[in-house]
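Student: Anchor point for the sequence shown: position 382 equals 403 in our numbering, and the numbering is continuous, going up by one each time.
Bear in mind the hints are in silico, worked out from the structure with no lab data behind them.
Just to be clear, a hint being listed does not mean it is correct.
Claimed, not checked - Derived DEER-like restraints, expressed as beta-carbon distance ranges: (1) Met261 <-> Thr29: 44 to 52 Å; (2) Arg135 <-> Cys469: 26 to 34 Å; (3) Asp173 <-> Val402: 28 to 36 Å; (4) Pro388 <-> Cys304: 31 to 39 Å; (5) Leu124 <-> Trp252: 20 to 28 Å; (6) Gly228 <-> Phe114: 39 to 47 Å; (7) Cys469 <-> Cys304: 39 to 47 Å.
Said to hold, decoys possible - No more than 16 Å apart at the CA atoms, straight line, and that leaves these computed lysine to aspartate or glutamate pairs for EDC-like: (8) Lys123 <-> Glu510; (9) Lys501 <-> Asp138; (10) Lys450 <-> Asp506; (11) Lys395 <-> Glu382; (12) Lys450 <-> Glu391; (13) Lys383 <-> Asp138; (14) Lys511 <-> Glu131; (15) Lys123 <-> Glu289; (16) Lys123 <-> Asp508; (17) Lys509 <-> Glu134; (18) Lys511 <-> Glu134; (19) Lys91 <-> Glu239; (20) Lys395 <-> Asp57; (21) Lys450 <-> Glu131; (22) Lys123 <-> Glu286; (23) Lys450 <-> Asp508; (24) Lys91 <-> Glu289; (25) Lys383 <-> Glu131; (26) Lys140 <-> Glu382; (27) Lys383 <-> Glu134; (28) Lys123 <-> Glu290; (29) Lys395 <-> Asp58; (30) Lys509 <-> Asp138; (31) Lys54 <-> Glu391.
Cβ coordinates follow ideal geometry from the N, Cα and C atoms, glycine included.
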Amino acid sequence: MEASSFGTLNYLALIVYLSAIMGVGVYFARRQKSADDYFKAGGRIPGWAAGFSVFATTLSSITFMSIPAKAYTDDWTFLIGQYIAIAILPIVFWFYIPFFRKLNLTSVYEYLERRFDVKMRLFGSISFMLFHVGRIAIVTYLTALALMPFIDMSPLMIVFLIGVLCIVYTFLGGIEGVIWTDVIQGVMLSGAAILIFVVICFNVDGGIGEIFSMSAREDKYFPADKFRWSWSESTIPVLMIGFFFASLQQFTASQDVVQRYIVTENIEETKKALLTNAKLVACVPIFFFAVGSGLYAYYSQNPGLLPEDFNTGGILPFYVISHMPAGIAGLIIAAIFAASQSSISSSLNSIAACFTTDIYEKISNTPSSEQKLKVGRIVTVATGILGVVASTYLILSNESEIWDSFNSLLGLMGGPMTGLFMLGIFVRKANASSALAGVVSSIATVVCVRHFTDLNFFFYGVVGTLMVVIVGYLTAPLFKNTLSDADKEKLTVGKLAKV
Numbered sequence: 022m023e024a025s026s027f028g029t030l031n032y033l034a035l036i037v038y039l040s041a042i043m044g045v046g047v048y049f050a051r052r053q054k055s056a057d058d059y060f061k062a063g064g065r066i067p068g069w070a071a072g073f074s075v076f077a078t079t080l081s082s083i084t085f086m087s088i089p090a091k092a093y094t095d096d097w098t099f100l101i102g103q104y105i106a107i108a109i110l111p112i113v114f115w116f117y118i119p120f121f122r123k124l125n126l127t128s129v130y131e132y133l134e135r136r137f138d139v140k141m142r143l144f145g146s147i148s149f150m151l152f153h154v155g156r157i158a159i160v161t162y163l164t165a166l167a168l169m170p171f172i173d174m175s176p177l178m179i180v181f182l183i184g185v186l187c188i189v190y191t192f193l194g195g196i197e198g199v200i201w202t203d204v205i206q207g208v209m210l211s212g213a214a215i216l217i218f219v220v221i222c223f224n225v226d227g228g229i230g231e232i233f234s235m236s237a238r239e240d241k242y243f244p245a246d247k248f249r250w251s252w253s254e255s256t257i258p259v260l261m262i263g264f265f266f267a268s269l270q271q272f273t274a275s276q277d278v279v280q281r282y283i284v285t286e287n288i289e290e291t292k293k294a295l296l297t298n299a300k301l302v303a304c305v306p307i308f309f310f311a312v313g314s315g316l317y318a319y320y321s322q323n324p325g326l327l328p329e330d331f332n333t334g335g336i337l338p339f340y341v342i343s344h345m346p347a348g349i350a351g352l353i354i355a356a357i358f359a360a361s362q363s364s365i366s367s368s369l370n371s372i373a374a375c376f377t378t379d380i381y382e383k384i385s386n387t388p389s390s391e392q393k394l395k396v397g398r399i400v401t402v403a404t405g406i407l408g409v410v411a412s413t414y415l416i417l418s419n420e421s422e423i424w425d426s427f428n429s430l431l432g433l434m435g436g437p438m439t440g441l442f443m444l445g446i447f448v449r450k451a452n453a454s455s456a457l458a459g460v461v462s463s464i465a466t467v468v469c470v471r472h473f474t475d476l477n478f479f480f481y482g483v484v485g486t487l488m489v490v491i492v493g494y495l496t497a498p499l500f501k502n503t504l505s506d507a508d509k510e511k512l513t514v515g516k517l518a519k520v
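Based on the provided sequences and hints, a complete structural model is requested.
Tutor: Here it is in structure tokens:
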């Protein structure tokens, strides 16, 4: 399919958005005077803004486009995952946030050293950094591929606009700049989803009633056969279990989200952040699925408008460029850029925080806050350049199925990470050696499950998490625990100190 002409007004809208994002980075650059400012924003972020940031961080451009495509070609069953993410919040409120706030962490993996040893801290931190370097490259690459057929812009230019601008505003504004740009991007994502759905409703014969009636007739919401149990297919029970553990990993063991817990003034603002995120997650994704249903209704009524052998993965940008007014289409394409940049900028700052705190501070001689700020900025630039170079390589080499392979391989580490934090917080007698035994057993078990069974990949995180906890618990009596009783009380579920 030939690329559509993007048009002057659409380019202007995109340029205005990109300029505004740069302006935010420049504005907050003047506040970045120490590592505490760069990685924690000096505790200046209001809870609602941190909540918007969590929402924008966890919603990449691939999700922005793939959810409508999923509802268009299949059904709404993956909506279950959004509400499972909300369901784990009481666990996060009660157990995890008090730990992270009380210990005054910059990197969440500092907890693993205090609770176990430096090996567990490095395992967690390096795993996170490697995963997110790859994630930056993959999100940028797939965004460029998805947009390339619909706008007259080369994929390398798209990579440049996404990657280089992310590097610049993250370098300048630190986590404060990242969070406030996330707020802009979160508003754009939500507004774009609502606007597209409203426009589709006017274009479908029969309007909103016909959209939902057609989806009901075609059994495109929650088909009865998806409620059965399966070990190998992504049925609703499997999705519920898989998304529970995936969300637990994201909200309790992933630096890019946990870092938002420490940028607010107090624990009440932190809880407000997660409540804001929960409200957004409860409402906005419904519009993404509704957009998919609307597109299904529209193109069912107008099948001749779709090119032959069309790849339905690009159904959303195709509709936007083909049917939205000039200027508005540019803003929606800017929202897709925003979804990509919100994920990437969070990864850049989080990687810098992990490297500076978990590695640089270990190998240097008591660095000053200004030195750590300088190293953090250098790591931000180096990581961003590495991501851009990797994205460019993927484009030039025309890689295929890279996203599934990447998630399948590196996603294996999510379970062990979740299990480590769970073991440390909830199993008081666990120690460094039993934690190591749990991690090794977990990785080995998940690798075997992946290669020798047809178990659905949603179970990988479940198996990985439970193996760490079970093996760590059972082997704990075999090894000496070097923590004092006072440290055990402080670092495990017990009498949590007031924050």
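Student: Taking the hints in turn, state whether each one holds.
Tutor: Cross-check of the supplied hints:
no., hint, in the structure
1, Met261 <-> Thr29: 44 to 52 Å, "48 Å, holds"
2, Arg135 <-> Cys469: 26 to 34 Å, "32 Å, holds"
3, Asp173 <-> Val402: 28 to 36 Å, "30 Å, holds"
4, Pro388 <-> Cys304: 31 to 39 Å, "44 Å, violated"
5, Leu124 <-> Trp252: 20 to 28 Å, "39 Å, violated"
6, Gly228 <-> Phe114: 39 to 47 Å, "41 Å, holds"
7, Cys469 <-> Cys304: 39 to 47 Å, "41 Å, holds"
8, Lys123 <-> Glu510, "13 Å, holds"
9, Lys501 <-> Asp138, "13 Å, holds"
10, Lys450 <-> Asp506, "10 Å, holds"
11, Lys395 <-> Glu382, "13 Å, holds"
12, Lys450 <-> Glu391, "39 Å, violated"
13, Lys383 <-> Asp138, "13 Å, holds"
14, Lys511 <-> Glu131, "14 Å, holds"
15, Lys123 <-> Glu289, "13 Å, holds"
16, Lys123 <-> Asp508, "13 Å, holds"
17, Lys509 <-> Glu134, "13 Å, holds"
18, Lys511 <-> Glu134, "14 Å, holds"
19, Lys91 <-> Glu239, "14 Å, holds"
20, Lys395 <-> Asp57, "12 Å, holds"
21, Lys450 <-> Glu131, "19 Å, violated"
22, Lys123 <-> Glu286, "13 Å, holds"
23, Lys450 <-> Asp508, "12 Å, holds"
24, Lys91 <-> Glu289, "37 Å, violated"
25, Lys383 <-> Glu131, "11 Å, holds"
26, Lys140 <-> Glu382, "15 Å, holds"
27, Lys383 <-> Glu134, "12 Å, holds"
28, Lys123 <-> Glu290, "14 Å, holds"
29, Lys395 <-> Asp58, "12 Å, holds"
30, Lys509 <-> Asp138, "14 Å, holds"
31, Lys54 <-> Glu391, "7 Å, holds"
Of the numbered hints given earlier, the model fails hints 4, 5, 12, 21, 24; all others are met.
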